[in-house]
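Student: Whenever a hint applies, use it, and build me the whole structure from the sequences.
Protein chains in written order, with our numbering: chain G, 495 to 605; chain C, 19 to 132.
What the hints contain is simulated information worked out from the structure, not anything from laboratory work.
The reader is advised that the hints may include incorrect statements.
Calculated cross-link-like contacts (lysine-lysine; reagent style BS3-like; alpha-carbon spacing at most 25 Å) [said to hold, decoys possible]:
1) G:Lys564 <-> C:Lys119
2) C:Lys119 <-> C:Lys67
3) G:Lys551 <-> G:Lys565
4) C:Lys67 <-> C:Lys86
5) G:Lys551 <-> G:Lys564
6) G:Lys508 <-> G:Lys565
7) G:Lys565 <-> C:Lys86
8) G:Lys551 <-> C:Lys119
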Amino acid sequence: DGGITQSPKYLFRKEGQNVTLSCEQNLNHDAMYWYRQDPGQGLRLIYYSQIVNDFQKGDIAEGYSVSREKKESFPLTVTSAQKNPTAFYLCASMTGNTEAFFGQGTRLTVV
Amino acid sequence: AQSVTQPDIHITVSEGASLELRCNYSYGATPYLFWYVQSPGQGLQLLLKYFSGDTLVQGIKGFEAEFKRSQSSFNLRKPSVHWSDAAEYFCAVVRSGGYNKLIFGAGTRLAVHP
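Tutor: Here it is in structure tokens:
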């Protein structure tokens, strides 16, 4: 079955820790995206990537980093510089401006 | 800069009533437009999309949307709402050509009264 897999579903981070959220797709899509979702603010774009080894900052990239070493994978690291990381994170992929397919999300909580 | 505005944060309708969710976009070129639906704690599902051609597009679950270039709008409609339509709805836009920056509106939360 083709799709996007995000893991883990729930993640807890201590103050000052870096954590990495996984996003893998087997749809052979070129573009991949990371969004942060907070109540009442919709989906805000963190980073996006059009091709391997290339990515662009979105609207709220500060405190986050990404890599795109393989077409299938686009992991997001939430660094200690992100002061308010508690949120729901969604990964998506798309090809040719057709439609974006979404993973089921990761809920990150600071403890 | 491109942007998407959904003016209504919350909408409540009675089951069986008609529905219209508003979406306005700001973009220089002709964009590609989408409507997505999200159930609590889940990912997003595509309802419908507009790329070109007929400005009235049909989607899944009985939804339709109309693209109006003169108003920069892409409103979502359904003639008769079902209780299972209660969810959050997002309008999205991506530039037609070039780097695929996909951005979303803030969403409209729909409640359905029996």
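Student: The structure should be examined with respect to each hint, and the outcome stated for every one.
Tutor: Verification of the supplied hints:
1. G:Lys564 <-> C:Lys119: Holds. Lys564 of chain G to Lys119 of chain C sits at ~20 Å (cutoff 25 Å).
2. C:Lys119 <-> C:Lys67: holds (16 Å)
3. G:Lys551 <-> G:Lys565: holds (18 Å)
4. C:Lys67 <-> C:Lys86: holds (14 Å)
5. G:Lys551 <-> G:Lys564: OK: Lys551 of chain G and Lys564 of chain G at ~18 Å, within 25 Å.
6. G:Lys508 <-> G:Lys565: violated (31 Å)
7. G:Lys565 <-> C:Lys86: violated (36 Å)
8. G:Lys551 <-> C:Lys119: Between Lys551 of chain G and Lys119 of chain C the Cα gap is close to 10 Å, so the pair holds against 25 Å.
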